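Please model the complete structure; the sequences and the hints are all you need to start from.
Sequence order for the protein chains is Y and F.
Position 186, counted from 1, in the first sequence is what my numbering calls 186; the numbers after and before it change by one each time, with no gaps.
Position 124, counted from 1, in the second sequence is what my numbering calls 1124; the numbers after and before it change by one each time, with no gaps.
Simulated from the structure, these hints should not be mistaken for laboratory data.
Bear in mind that the values here come from a model prediction, so they are computed numbers and not experimental data.
There's no promise every hint is true.
Restraint ranges, calculated between C-beta atoms of paired labels, are given here [as the list claims (entries may be wrong)]: (1) Y/ASN20 x F/HIS1208: 43 to 51 Å; (2) F/HIS1208 x Y/SER162: 45 to 53 Å; (3) Y/GLN208 x F/SER1180: 27 to 35 Å; (4) F/HIS1021 x Y/GLU160: 54 to 62 Å; (5) Y/GLY152 x F/HIS1122: 27 to 35 Å; (6) Y/ALA7 x F/CYS1071: 15 to 23 Å; (7) F/LYS1140 x Y/ARG70: 55 to 63 Å; (8) F/VAL1191 x Y/ASN106: 47 to 55 Å; (9) F/GLY1231 x Y/HIS262: 34 to 42 Å; (10) F/HIS1208 x Y/GLU81: 55 to 63 Å; (11) F/LYS1007 x Y/PRO150: 51 to 59 Å; (12) F/GLY1153 x Y/LEU126: 49 to 57 Å.
Ideal Cβ positions, reconstructed from N, Cα and C, are used throughout, including at glycine.
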Amino acid sequence: MSIVLDAPRLVMSRPVLEINNVSKSYGDVHALHDVSARAYPGEVLGIVGESGSGKSTLLRMLNLEETPDRGTYSLDLPEVEGNLFDLDRFARRMLCATRIGIVYQNPHLGLLMKHSSSGNVAERLLVAGERSFAVLREKAQTALDASEFPLGRMDAPPIELSGGMQQRVQLAKAIALEPALLLLDEPTTGLDVSVQALVLDTLKRLQQDREITMVIVSHDLGVIRTLADRVMVMRCGEVVEIGLVDQIFQDPQHPYTQQLVHAKL
Amino acid sequence: MTVLDIKGLTKGFSLHHLGRHVGAFEDISFSIAAGEFILLKGANGAGKSTLLRTLFRSYLPVSGEILFHSCHGIVDLASAADVDVAYLRRTEISFVTQFLNARPRVSAEALVAEPLRLSGWHAEAALQAARAALKTFGVKQDLWAAYPTMFSGGEQQKVNLARALILPQKLLLLDEPTASLDAHARSALIVRIEELKDHGTAMIGVFHHPDDVAHLIDRVIDLTPDATNSGERDDVDL
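Here's what the structure looks like:
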């Protein structure tokens, strides 16, 4: 049986992120069906599921790259109210540039590969209105340092860097403006195991030191287990189970979650 | 003062790929007060560890109530929201398992300091307290800054205990904490349990060798089906 859990009573803070009844179809294909979720301040919400489960589509929705057929999305921010899906293109871009950070699996999607690493980070600060060169450089340096990027290489373009370093530049860019929400799309996929551990450690440290709310999508259950506080399991565009990370891994309730967890090597 | 009130708690596992339901325990009811120590006993498979994990909400119960008297009022851990359970785990409930959940590239002292930092301690003060706790459990100073992923089972368990017991909580669940410990660490653990008991922490534990903690046990609950060997410490065999 699955237990219907109460609404929070002790944690009084409002959720940073709230989506309700989000659905999206592409022709006859239901990419997302009636998806609802919340993430609370400082929490890491992990999303797992097989390819085609809708997890990446959901992440693109959270980054306002797509609009669903139905559903609402709100962030607990003073500057925006109501359903974020109703914002126009310009307002969406400003919100994403200033309050939502994202790290893509493919660094080419998030970085200008031939510009300097510090310039990539500074670009985000420029969008937010910062114009002083000295301040831009100093803030870019601070963000790169927090992402544990070697500052001696901050002027090197990402194209000359290793995969792990490129992910750190993406991360620095994402956190440069203290985002309300950090989205991570398979951030360690394709990296060597030792580099993967370093990136995970940096993310964990950022979460604890800065209490950044994160949503991470990964097919790697080890990554989810290391980082997430709660896990949402998706299949065929629907949420089949959501729970605390240890409960999902130790006592999965849904047949699909059991299959997924037991398939882990 | 009651800390936990368990009513009609039942746990089983639905193994969907086998199309079967496996029962773990049924209709368990008992309470525990501040400063009380309850030993869970029973044969292998009686459900001792399963009960502890259910109380911590790593397992979801099938039915029943787990009424925890938190600083903020009574919360039913069986049905509380995940974020509330996560909050209580940071502030009032701790669980010592047999295994350390070591994270890659996180030092022993950082792991032990983490519960203090999450409860608002200053980083440096938390680190100092973590080092003192590691010393108490006999972890060599050379290892404090090393990664526990490469430690032996015994050393990992010392780090695990230091981390789990560093912050006095209202409720402490102990699942075979003395397994794979040397004599020094075992005595340090017993001293720490005594301190926590005096502090008013309610404790429910499973011990492979309960004689280690015999003098601390107030009550024994036998989970063997149809068991009659439950009751006050002086009235039952451990």
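Hint check results:
Look at Y/ASN20 against F/HIS1208: about 49 Å separates their beta carbons, and that is inside 43 to 51 Å. Distance hint for F/HIS1208 and Y/SER162: a CB-CB separation of about 47 Å, consistent with the stated range 45 to 53 Å. Distance hint check for Y/GLN208 and F/SER1180: the Cβ-Cβ separation is about 29 Å, which falls inside the suggested range of 27 to 35 Å. Distance hint for F/HIS1021 and Y/GLU160: a CB-CB separation of about 58 Å, consistent with the stated range 54 to 62 Å.
Checked against the hint of 27 to 35 Å, the pair Y/GLY152 and F/HIS1122 passes, with Cβ atoms roughly 31 Å apart. Checking the proposed 15 to 23 Å range against Y/ALA7 and F/CYS1071 shows it holds: the Cβ atoms sit about 20 Å from each other. Look at F/LYS1140 against Y/ARG70: about 60 Å separates their beta carbons, and that is inside 55 to 63 Å. The given range of 47 to 55 Å is respected by F/VAL1191 and Y/ASN106, whose C-beta atoms sit roughly 54 Å from each other.
Under the hint 34 to 42 Å, the C-beta atoms of F/GLY1231 and Y/HIS262, about 40 Å apart, fit the expected range. For the pair F/HIS1208 and Y/GLU81, the supplied restraint of 55 to 63 Å holds, since their beta-carbon distance comes to about 57 Å. Against the hinted window of 51 to 59 Å, the Cβ-Cβ separation of F/LYS1007 and Y/PRO150 comes to about 57 Å, which satisfies the hint. Checked against the hint of 49 to 57 Å, the C-beta distance between F/GLY1153 and Y/LEU126 comes to roughly 53 Å, which is consistent with it.
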